[in-house]
Each structure stands twice: as structure tokens, then as C-alpha cells.
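Enquirer: The residues making up each chain are set out below.
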Amino acid sequence: MEAWSRFLDAFFKPELIERYFPAIMKGVVVTIEVAAAVVATGIALGLLLAVARSFRVLPASALIVVFADVFRALPPLVLVLLVYFGLPNVGINLPSFAVLWLVLSLVLAAFAEEIFWAGILSVPKGQWEAARSTGLNFVATLTYVVLPQALRLTVPPITNRTVAITKNTALGTVIGVGEILNQATTAQSFAGNATPLMMGAVAYVILFIPVVALGRFLETRFQWRRA
Amino acid sequence: MEALLQQFFNLAIMERALPLVLMGLRQTIVLCLVVVPLGLAGGLGFALLSRSRSRPLRWAAVVGIDFFRAMPPLVLLIFVYSGLPFAGIRPSPITAVAIAFFLNTSSYYGEIYRAGIESVGAGQWDAARSTGLKGSQALVYVVLPQAIRNVLPDLVSNTVEVVKLTSIASVVALPELLYSADMARSVTFNSSPIVLAAAIYLAMLWPVVRLVSRLERRIAA
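From first to last, the protein sequence lines are chains A and B.
The numbering of the first sequence is my numbering, which starts it at 1 and goes up by one.
The numbering of the second sequence is my numbering, which starts it at 1 and goes up by one.
No false leads were mixed into what you were given.
When the alpha-carbon atoms are kept at most 20 angstroms apart in a straight line, the in silico SDA-like pairs for lysine to any residue are as follows:
| # | chain 1 | residue 1 | chain 2 | residue 2 |
| --- | --- | --- | --- | --- |
| 1 | B | K134 | B | E118 |
| 2 | A | K13 | B | I89 |
| 3 | B | K164 | A | F71 |
By construction, these hints were calculated from the structure, which means they are not laboratory data.
Build out the structure end to end from the sequences listed, making use of the hints.
Expert: Following this line, the structure appears as C-alpha cells:
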């Protein structure tokens, strides 16, 4: 019984929950802001790159492939440290919030480009030919015929990938972005108690369980790759 | 331009940092050899649990998988490393990484295995059982080989993610590749060691990333 109350004291101390609730909520707001910005720019850039690749201009396509490969192969934390500590020395000073947003957007764009491109490739050639033969030009074919079919297929993988990358907002704590984990670890070292950390973990789970569940639902609904 | 080269591609500094960075690389490889098999085994456990005949077990598996997929791995790691000591358990950095990675990667691998097992038709089970194989034998000799083949691209691409993820072990001061490179950076005030580490990650993972793109396209076709 004593062990149990010591456990409660270390992880669920009521007065600490009350004291640090505002700080954790501030972190929640920052996490949501970064995540929303990353999702918007990352997916837009990814789609733009996939569309650019469909024009099949060799040097441009090659550059896009290299970009997508590099940003899919490098750990995001490596990129965060590289940008955060490297750029100031060449005269570019970005706030840590902007560094986190920039890096995660580029990573998401790389993955999104590959997924959108796979979606575009999955549309049968006959669709292109039929659309072109009705007099639509290349851009109109892409916009009205190919992309609507391609994007439908990409909903589940894009959702899952986006969730995985927005969870990386927690990496911001390493460079001092005041997101949930950062608030929680700061509070923990002040309080000398694990309660704030537990609150941070709970906040993340509350924030992300709905999107994970959404991903699960979309997967069964759209049946990507399984016929 | 000159400043940029000096800051990111300083060969003299890279050369000095190389021994330290290579030691980090060795740690990263050891770490991968610990966490990837752990995750693959745990994932299989999660997948089998999520197909168990008992409803509470199935529910527990789904809740566990979604819970650990919702929790950022870094949060989990810091919770294990600096939260557990308050409960009287003091894990070393490598133990903390192993525990956190086991929970996180098992749930991802678990979902992949589950999709794989579901992609194998019920007829395969029935046929295997009717030849006299036990349920466990049907699973190991008939269903799993096909299931794994069906989801191979996902398994490989998740493994790439796990290898990349080992870089967060640097946050709990485990001297792996990124930690060593960052040490060298903070001593030299120059980012070239991190570029060196990035180049090593790229050399290890780029071929695999290409392979995944290929495998994915072949299955889509």
C-alpha cells in the first residue's frame, strides 16, 4: 500500500498537476501550431513536387528524386541540429520554432512527394490517353482526370505518414521550442517529480490518439494496395 | 560561399572528428542490432495478440498498439529514462532506449504483420490445417512466409525508420553516431562533424530507401 501511494506521489501529485497545468497547455498550443504549419507546407510542397515530376523533364525530375531520397534517409534530428547550429554561423538566424517547422516540412514534403507520385503512377495510362483524346491538354488532364483518382488512393498512407512526422514536433525540445515535452521536462526539473512528465505524455496521447484512430479507419475504408 | 564551405564542409575538422564519429557509428550499429530484432519479435507478438480468439486480449492489443503509436518516441524515451527513476527504477541509457524502442517499434511492426496476415486468404489456413498441421505449424510454415512476403516493403521501410530513430538516443547521452558528431560540433564550433554523420546515415540508408521505392512500385504494378 505504501509503494502504491509513493507511486501516486511521484507520478500523479494533485497539487503539481494543478500548478503545471497552464504550462503544459501552453505547450499543447505550441505543438498544435507547429504541427498545423508543418502539415500545410509539407503536404503542399510534396504535391507540388509530384506534379512537377509528372512533366517528366529529366533534370528537374532527377533533382526531385534526390531531394526526396535524402530527406527520407536522414534522421530528422540530424537535420534539426544541422540547421539550428549551422545556419547562424553563416549569418542566417532563424528562431528555433522556424527551424523545427522548416525541417519537418521538408521531411514531410519528401515523403508526400513519393506517395503522391506513386498515386499518379497508379492511374492507368488509358485514363491519360482517353482524357487527351477528348481535347483536354496536359495540365487539364492532370487536374481533372488523373489527380482526383490518384489522390483518393493516397489518403491512408499520407495520413499515417503525416501523423508520424507531426509527432516529431517533440524533437523541438532539443533546440528549446516550448512544446509539450519541453514544458514537461522543464517543469519536472523544477518540481523534482515525474508528475509533469506524466502530464506531458498524457497530453500527447490525447492529442494524437484521434489521428491514429482516423488513420486506422481510413486504412480499412480505402484499402490501399489490397484488392 | 567560403563561409558556408568552412562551416559545413571543413575537411580538416571532419578528419579530426572521424575517429570519434566512427566510434559513434559502432554504437549505432550495436543499437540497431538490439532494437530491430526486439521490435520484430514484439511486433509479431502484438499481431498474434490482435488476432487472438479472446476479445479482451484483442482489445488490449489494439489499445496498446494505438497508444504507443500516438506517443512520440522521444516522449516515451524521456519518460522511461528520467521518469522511471522516480518509481525507484534507474535504467541505464541503453536499457531505457531498448524499453522505449521495444514499445514503440513493436506497435508499428505489429500493424504491418497484422496487415500481412490478413492478406493471406482463409483458404490457406484451412488447407494447411486439413493436411494435419497444427495451428501453430500452419502459422509458421504456411501463413507467415506469405504474409511477410506481401508486406516486405513496409517491413523494410519501417526498419529504415527504426534505424533513423536510433538518433534520438543521443538525447539520453548514449554515445551513438549523432551524439558523437554533436560532441565534436560543440568542441569545434563547426557543423562539419554533423555533415559527416549525415553522410554516414545517407550511405547506410539511401540504398535501402531506393530499394523500398522499387519494391513498392513492383507490388503496385
